[in-house]
Amino acid sequence: MATLIVKAPDGGEREIALVKRITSVGRDPENDVAVEDPRLPATALHIHFDGKDYSAAAHERVDMTVNGKRRSTWRLGPGDRIQVGATELFFDPAPRAAAPRPRSGERLLALETLVRFSERLLGATDLARLLDELMDAILEVTHADKGFLILLEDGEMSVRAARNVARETIEGAVDRVSDSIIRRVVETRRSIVVADALHDREWSGSSSVVNLKLCSVMCAPLMQKGDVFGVIYLGNDSVISLFDAEALEALTVFAAQASLLVQNAMLLDALRRENLTLKEAVSSKQYGDLIGAGASMREVYRRIDKVAATDISVLVSGETGTGKEVVARELHRRSARASGPFVAVNCGAIPEALLESELFGHVKGAFTGAVATRMGKFQAAHGGTLFLDEIGDMPLPLQVKILRALQERAVNKVGDARAEPVDIRVVAATNKVLEDEIRKGTFREDLYYRLNVVSIQLPPLRDRGEDTLVLAKYFLQKYAKEFGARVRGFTPSALVSMRKYAWPGNIRELENRVKKAVVLADRALVSAEDLDLRPEILEPILPLAQAKEEFQKRYINEVLERNGGNRTKTAKDLGVDPRTIFRHLEKLEAERRGQPAPPDEEGEP
Numbered sequence: 002m003a004t005l006i007v008k009a010p011d012g013g014e015r016e017i018a019l020v021k022r023i024t025s026v027g028r029d030p031e032n033d034v035a036v037e038d039p040r041l042p043a044t045a046l047h048i049h050f051d052g053k054d055y056s057a058a059a060h061e062r063v064d065m066t067v068n069g070k071r072r073s074t075w076r077l078g079p080g081d082r083i084q085v086g087a088t089e090l091f092f093d094p095a096p097r098a099a100a101p102r103p104r105s106g107e108r109l110l111a112l113e114t115l116v117r118f119s120e121r122l123l124g125a126t127d128l129a130r131l132l133d134e135l136m137d138a139i140l141e142v143t144h145a146d147k148g149f150l151i152l153l154e155d156g157e158m159s160v161r162a163a164r165n166v167a168r169e170t171i172e173g174a175v176d177r178v179s180d181s182i183i184r185r186v187v188e189t190r191r192s193i194v195v196a197d198a199l200h201d202r203e204w205s206g207s208s209s210v211v212n213l214k215l216c217s218v219m220c221a222p223l224m225q226k227g228d229v230f231g232v233i234y235l236g237n238d239s240v241i242s243l244f245d246a247e248a249l250e251a252l253t254v255f256a257a258q259a260s261l262l263v264q265n266a267m268l269l270d271a272l273r274r275e276n277l278t279l280k281e282a283v284s285s286k287q288y289g290d291l292i293g294a295g296a297s298m299r300e301v302y303r304r305i306d307k308v309a310a311t312d313i314s315v316l317v318s319g320e321t322g323t324g325k326e327v328v329a330r331e332l333h334r335r336s337a338r339a340s341g342p343f344v345a346v347n348c349g350a351i352p353e354a355l356l357e358s359e360l361f362g363h364v365k366g367a368f369t370g371a372v373a374t375r376m377g378k379f380q381a382a383h384g385g386t387l388f389l390d391e392i393g394d395m396p397l398p399l400q401v402k403i404l405r406a407l408q409e410r411a412v413n414k415v416g417d418a419r420a421e422p423v424d425i426r427v428v429a430a431t432n433k434v435l436e437d438e439i440r441k442g443t444f445r446e447d448l449y450y451r452l453n454v455v456s457i458q459l460p461p462l463r464d465r466g467e468d469t470l471v472l473a474k475y476f477l478q479k480y481a482k483e484f485g486a487r488v489r490g491f492t493p494s495a496l497v498s499m500r501k502y503a504w505p506g507n508i509r510e511l512e513n514r515v516k517k518a519v520v521l522a523d524r525a526l527v528s529a530e531d532l533d534l535r536p537e538i539l540e541p542i543l544p545l546a547q548a549k550e551e552f553q554k555r556y557i558n559e560v561l562e563r564n565g566g567n568r569t570k571t572a573k574d575l576g577v578d579p580r581t582i583f584r585h586l587e588k589l590e591a592e593r594r595g596q597p598a599p600p601d602e603e604g605e606p
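2 is the number of the first residue of the sequence shown in our numbering; add one for each residue after it.
Please note that the accuracy of each hint is not assured.
Stated by the list, open to error - List of simulated lysine to aspartate or glutamate pairs, EDC-like, C-alpha gap at most 16 Å: (1) K53 with D146; (2) K573 with E562; (3) K365 with E320; (4) K21 with D137; (5) K482 with E512; (6) K365 with E353; (7) K588 with E551; (8) K588 with E550; (9) K70 with D81; (10) K402 with D417; (11) K554 with E587; (12) K554 with E512; (13) K516 with D533; (14) K573 with E559; (15) K402 with E359; (16) K402 with D468; (17) K8 with D51; (18) K8 with D38; (19) K53 with D238; (20) K479 with D464; (21) K479 with D238; (22) K501 with D447; (23) K433 with E562; (24) K21 with D146.
Hint data in this document are derived by calculation from the structure and do not stem from the laboratory.
All chains, please: the whole structure from these sequences, using the hints.
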């Protein structure tokens, strides 16, 4: 092979063997011949070998002289001196004596190239560029003029990378390959080499070979679990550089390993695109820390917008696990008190004997164990927001003191007669129906109206439709990143199961199930089994008549509630005879007592 003697500006001299079809020269370390010459651009020139002769070609706006005369291109001869910048290059076409490369050398070069390529795989963010680099690597290994990476998608060929030896993308690539050769590789799942296509007895009659005037072709399958998902297709246009069995061996080794790399690259690309889609979906359906875009959640957002800037008290109601504290924090964050403290108290988690001290504080010696004066949650929330969670569990005696504190905006520590003024905004939450608790005598009506200036009702997760899947994907992404897990999504059966499940624990249950699945799952996709959503725990499918009856029961109850229990107005709103509402209430009372429902009256509408 020919050699190039490089004389750098600092006087250093080295000899470079021209082993590639195209050898790049320039200041950039990525060049085949990198020269520390500040006068050179990143890439100054290329030396091209066409199988017979070597030529030098300068890049645009680069001054190149050959033997003292300015040239843009030049066919090189023995002893030619090229100068670019302060660098001199001397061309010698006579190869130096070297031991012949062993037959295993091509395979070793293929594997070394793959190792270098795989090291860049995880850091790559552009799949198209990555596949281009893969094809450039294989052209280097096999000394091909052009290469194509073709994937089979739904039975159709899709050219994902098409490169020539100059590392340029080939336009109209799908029209430059022989579909007959590709079809043979896909059907047999074996690599083939056609050394001289136009004179090959088997292929010379192929219309695609004749029309394309193919000279030499190699093609190898990309395999996954025994199935062909694509091919690597290489071609040479010069009769001097015909492929042979050794070249096919190098390609076969390369393709076998490249199959895994391409699959991983596609998987990583799909994961990045899915994550981007998820972020966009979440951001479009996110309101602060609240996620959801259903009608019920949009009403929640509207109410928060209306009342956040005011100081009026808000009562947040909803089942356990629906996110009542998140709503309270959002109210605080969007208020003028956002720079002040947000103090949360779970009224149901503190023993009754300690709750007063927890809320209002105590002075030293007020009771056994009060070894020092301590302020309460009311004082700690001064200038900010006090969140009273599970207010429905507060004992009656303490409700009186809470009411007085809200009315007077002052509190007394336990054991202290002096009142301390407090400037707070109160947000309360409950999973109980406080109107029912008032009727039972367990909750004070005057406190209810003090707290419930504006109410925000959070819907249960089972009524939020597709929000369930958006939340599930959000939690999956969150915990996959936190735990370094490889999971990237849910199986179709998991998505169906999450839609069908009633979620009695609401968002908290969903988060916990997804979190556990991310930790324990050993596959890329979380299944219904990973979520512990077995068929037996899903809501049963009801007969249509029973489903209609259940819906009618819930709907009548909702309208009754809206009308404050007025049965006549409810019947009028629903367009039914008042007797229908009376019968409905009788059935509910019978169910509550565990008695059989009274028989329907004949002719009842």
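Right, here's what the structure says about each hint:
1. K53 with D146: Given pair K53, D146 holds - Cα atoms ~14 Å apart, limit 16 Å.
2. K573 with E562: Holds, at about 14 Å.
3. K365 with E320: Not satisfied, since the Cα-Cα distance of roughly 39 Å exceeds 16 Å.
4. K21 with D137: 12 Å, holds
5. K482 with E512: With a Cα-Cα distance of about 15 Å, the restraint between K482 and E512 holds, given a limit of 16 Å.
6. K365 with E353: Violated. K365 to E353 sits at ~20 Å, over the 16 Å cutoff.
7. K588 with E551: 13 Å, holds
8. K588 with E550: It holds: about 12 Å lies between the C-alpha atoms, which stays within 16 Å.
9. K70 with D81: 11 Å, holds
10. K402 with D417: 14 Å, holds
11. K554 with E587: Holds. K554 to E587 sits at ~12 Å (cutoff 16 Å).
12. K554 with E512: This hinted pair is violated, its Cα atoms lying about 31 Å apart.
13. K516 with D533: 12 Å, holds
14. K573 with E559: 14 Å, holds
15. K402 with E359: Distance ~13 Å between K402 and E359 Cα, so the pair holds.
16. K402 with D468: Violated, at about 40 Å.
17. K8 with D51: 25 Å, violated
18. K8 with D38: Satisfied, since the Cα-Cα distance of roughly 11 Å is no more than 16 Å.
19. K53 with D238: 13 Å, holds
20. K479 with D464: 24 Å, violated
21. K479 with D238: 52 Å, violated
22. K501 with D447: 41 Å, violated
23. K433 with E562: 15 Å, holds
24. K21 with D146: 11 Å, holds
Consistency with the previously given hints fails for numbers 3, 6, 12, 16, 17, 20, 21 and 22, ordered from lowest to highest.
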